[in-house]
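Asker: Using this note's numbering, read the sequence shown as starting at 1 and increasing by one per residue.
Think of the hints as simulated: they come from the structure by calculation, not from any bench. Worth double-checking, as some hints may not be accurate.
[Said to hold, decoys possible] With a straight-line cut-off of 16 Å between C-alpha atoms, the simulated EDC-like cross-links for lysine to aspartate or glutamate are:
{"no.": "1", "residue 1": "15", "residue 2": "31"}
{"no.": "2", "residue 1": "18", "residue 2": "50"}
{"no.": "3", "residue 1": "18", "residue 2": "32"}
{"no.": "4", "residue 1": "15", "residue 2": "50"}
{"no.": "5", "residue 1": "40", "residue 2": "14"}
{"no.": "6", "residue 1": "15", "residue 2": "43"}
{"no.": "7", "residue 1": "40", "residue 2": "4"}
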Amino acid sequence: MLKDRENILNALREKPLKAYQLMRRANLPNEEACQSLLLKMRDEGLVKFDIHKGLWLIG
């Protein structure tokens with residue numbers, strides 16, 4: 001799980017991404033696991049979601 005978090009943060013350091021793009025870059029097994037992890041990370045303040053553009057970015 002920590003490796004998945006690192007992969008997500010590394011992918012977002014390059015540029016803001018949509019959930020599907022992020023899932024592919026971070027090599028996560030499925031979209032549900034990716035969304036769940038992103039929501040946990042958002043609650044912790046690590047990432048943010050831009051509702052207008054539909055992009056995840058570093059918090």
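Asker: Which hint numbers doesn't this structure obey?
Answerer: Per hint list: 1, 5 and 6 violated.
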